[in-house]
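Protein sequence lines correspond, in order, to chains F and S. Under full-length UniProt numbering, the first residue of the first sequence is numbered 1, with each subsequent residue one higher. Under full-length UniProt numbering, the first residue of the second sequence is numbered 1, with each subsequent residue one higher.
Hints are not guaranteed to be accurate.
Identical chains blur together in the list; that is why a pair holds if it fits in one copy or across any two.
[Unchecked claim] The calculated PhoX-like cross-link candidates involving lysine-lysine, where the alpha carbons are at most 25 Å apart (straight line), are: (1) Lys244 with Lys27; (2) Lys321 with Lys260; (3) Lys350 with Lys27; (4) Lys350 with Lys336; (5) Lys246 with Lys154; (6) Lys350 with Lys154; (7) Lys210 with Lys256; (8) Lys230 with Lys44; (9) Lys218 with Lys311; (10) Lys154 with Lys218.
What the hints contain is simulated information worked out from the structure, not anything from laboratory work.
There are 2 protein chains.
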Amino acid sequence: MFPPETLNMFLGLGRPAWKEARATLQKILSADEPVLRDNEALRKNCLVPMSDVEMLLPITVGDYTDFFCSVHHARNCGFIFRGPQTPVNPNWFHLPVGYHGRASSVIISGTDIIRPRGQGHPTGSSQPYFGPSQKLDFELEMAAIVGPGNELGKPIDIADAEDHIFGLVVMNDWSARDIQAWETIPLGPFLGKSFSTSVSPWIVTLDALKPFACEAPKQEPEPLPYLAEKNHINYDIPLEAWIKPKEQSEASVVTKTNFKHMYWTVTQQLAHHTVNGCNLRPGDMFATGTLSGPEPDSLGCLLEITWNGQKEISVGNSIRKFLQDGDEVILTACCKGEDYNVGFGTCTGKILPSLP
Amino acid sequence: MFPPETLNMFLGLGRPAWKEARATLQKILSADEPVLRDNEALRKNCLVPMSDVEMLLPITVGDYTDFFCSVHHARNCGFIFRGPQTPVNPNWFHLPVGYHGRASSVIISGTDIIRPRGQGHPTGSSQPYFGPSQKLDFELEMAAIVGPGNELGKPIDIADAEDHIFGLVVMNDWSARDIQAWETIPLGPFLGKSFSTSVSPWIVTLDALKPFACEAPKQEPEPLPYLAEKNHINYDIPLEAWIKPKEQSEASVVTKTNFKHMYWTVTQQLAHHTVNGCNLRPGDMFATGTLSGPEPDSLGCLLEITWNGQKEISVGNSIRKFLQDGDEVILTACCKGEDYNVGFGTCTGKILPSLP
Chain F
1 MFPPETLNMF LGLGRPAWKE ARATLQKILS ADEPVLRDNE ALRKNCLVPM
51 SDVEMLLPIT VGDYTDFFCS VHHARNCGFI FRGPQTPVNP NWFHLPVGYH
101 GRASSVIISG TDIIRPRGQG HPTGSSQPYF GPSQKLDFEL EMAAIVGPGN
151 ELGKPIDIAD AEDHIFGLVV MNDWSARDIQ AWETIPLGPF LGKSFSTSVS
201 PWIVTLDALK PFACEAPKQE PEPLPYLAEK NHINYDIPLE AWIKPKEQSE
251 ASVVTKTNFK HMYWTVTQQL AHHTVNGCNL RPGDMFATGT LSGPEPDSLG
301 CLLEITWNGQ KEISVGNSIR KFLQDGDEVI LTACCKGEDY NVGFGTCTGK
351 ILPSLP
Chain S
1 MFPPETLNMF LGLGRPAWKE ARATLQKILS ADEPVLRDNE ALRKNCLVPM
51 SDVEMLLPIT VGDYTDFFCS VHHARNCGFI FRGPQTPVNP NWFHLPVGYH
101 GRASSVIISG TDIIRPRGQG HPTGSSQPYF GPSQKLDFEL EMAAIVGPGN
151 ELGKPIDIAD AEDHIFGLVV MNDWSARDIQ AWETIPLGPF LGKSFSTSVS
201 PWIVTLDALK PFACEAPKQE PEPLPYLAEK NHINYDIPLE AWIKPKEQSE
251 ASVVTKTNFK HMYWTVTQQL AHHTVNGCNL RPGDMFATGT LSGPEPDSLG
301 CLLEITWNGQ KEISVGNSIR KFLQDGDEVI LTACCKGEDY NVGFGTCTGK
351 ILPSLP
């Protein structure tokens with residue numbers, strides 16, 4: 001069923017094929033079904049222990065878009081970079097703000113992250129700083145993986161948007177805050193982000209997330225008709241970020257948040273993305289932006305948690321403003337059912353020192 | 001030699017292979033070489049009249065980056081959007097500012113452009129405008145096509161940058177100025193650009209452009225060491241933009257500019273793009289940004305030519321502020337040698353009405 005190395009062709013087949021594959025796999029693996037259960041040789045032939053498996057990027061990412069859809073994150077960033085007098089920009093409540101990310105540097109969880117070099121703000125009248133980033137950060141995000149997509153020039157209606165989303169992954173949009181701050185005016189993030197973007201190794205389908213559907217935040221003002229959806233839902237997906245400093249044997253949790261706080265839903269993101277005729281292709285990825293929640297302990301990146309390095313936080317016995325070489329960041333997402341979980345695996349990466 | 005549909009594999013082979021292929025083709029096609037010249041049957045077999053050829057996109061674009069490297073364009077945009085008190089942003093003279101563009105909507109010259117729909121600025125306290133873009137524009141750019149590229153985490157040194165650029169194309173970075181202005185803060189251009197980007201059908205190699213090399217503009221302040229190049233050159237490539245209104249039988253030239261005005265060279269763009277470890281792949285494309293020159297009649301887009309629609313211009317017997325349905329835009333680039341030209345073909349596109 002999956003001859004190529006990635007799922008792109010399967011994603012292009014659309015929801016009926018996904019549902020059939022899911023039902024078939026569930027049937028084969030169920031306790032009531034004797035074919036596999038009662039045939040050890042067959043089980044040995046077709047099942048592989050997870051410990052023997054090397055996880056690979058499940059998709060070839062044609063284009064990767066990063067949205068900015070947590071109002072808490074938008075508010076905190078506005079405050080940090082522009083001060084308290086500027087709230088969230090006026091466009092933010094009318095459309096899902098986003099930008100194109102770098103597809104070539106999307107990598108699978110577990111791949112090491114080399115600390116990027118680049119330019120930071122000059123101080124006074126000197127040249128800009130150049131060297132290893134001094135403000136390396138994680139961003140706790142999730143990303144939607146596109147199914148069939150659309151032809152150039154043919155927008156996807158909001159009512160059909162769900163049929164074009166195969167599922168979700170957990171994503172770490174690693175960020176060099178000093179590079180980002182200096183380069184970003186007026187065209188947005190570029191080298192501050194393009195050095196690496198990690199994703200978790202399997203895609204959880206929207207069908208598997210159905211039991212965790214919940215109402216999405218009320219939108220005020222009302223979205224324009226092309227963004228108005230009958231079924232305005234998010235999913236209740238608890239998320240955590242952990243840091244394991246190199247000098248410690250254990251990781252410590254540094255934030256707990258939830259996908260459900262997202263203001264613009266993934267279906268609204270998709271309808272917006274295509275309303276100008278832009279074509280999405282199977283395997284395209286679009287991320288939520290940092291998923292900060294409303295509470296002080298639910299902020300999705302160190303920029304917010306340490307308020308751009310103005311305060312330190314404890315990570316086990318260590319203290320951090322931003323990430324240090326050797327730190328490992330572990331993101332988790334796991335939906336809790338009554339007597340079962342739907343997990344996303346982890347999305348991890350360890351920081352290696354910059355090149356000399 | 002080129003079994004797949006695109007040149008990507010050939011681009012990955014690097015400069016020695018490109019030089020060999022070029023020398024071989026030049027030899028086969030030269031007047032002194034009898035093999036083809038004196039064998040009509042062979043000529044008929046291996047040469048195809050240009051009129052019988054359908055041009056296709058010569059590359060599969062993995063990632064497309066758009067730089068912003070004409071100081072004249074940067075200055076005019078700064079003036080139009082932020083007013084005369086804000087000159088070019090301070091970072092601009094220290095690094096080639098750029099952003100990730102949309103790869104899926106890069107199309108071959110001659111493909112029609114459907115006027116995009118989207119949101120524009122609200123007036124007063126109303127909802128934002130939604131509908132067909134009212135400020136559809138062209139942008140006269142060129143783009144570099146990447147050769148071998150680099151592994152993630154391994155920057156390309158400025159001294160080696162030229163070996164990673166196969167050649168150049170002419171590019172029209174179609175822009176919906178109203179959509180762009182409203183969406184762009186704080187993450188940069190997105191739907192205002194992602195509906196279509198046209199490129200000319202063949203790639204002129206840097207080797208073919210060597211006779212037209214010329215000094216690039218002096219840079220002040222001096223670039224940081226990772227951007228300082230021994231051989232700081234541009235190419236003398238005259239560029240023109242023409243518009244053919246639907247109600248007229250002839251196209252009229254609306255601007256004449258030149259690639260040589262570009263402040264940050266393509267090699268500096270490439271070194272900057274990879275300094276953080278970002279990986280480039282064969283067939284990746286990075287564009288110059290609008291190539292406005294210093295003169296009032298050398299501005300590279302209607303935004304500048306009509307000063308954001310504040311004045312009208314004559315196009316033959318018609319007047320325009322921005323593009324109207326039925327307008328065709330024709331971009332040309334042609335280097336003039338003593339008794340020969342090196343041309344890029346044209347980069348054209350006609351505007352179709354927005355979807356209902």
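Can you name, in rising order, the numbers of the hints this structure does not satisfy? Violated hints: 1, 2, 3, 4, 8, 9 and 10; rest satisfied.
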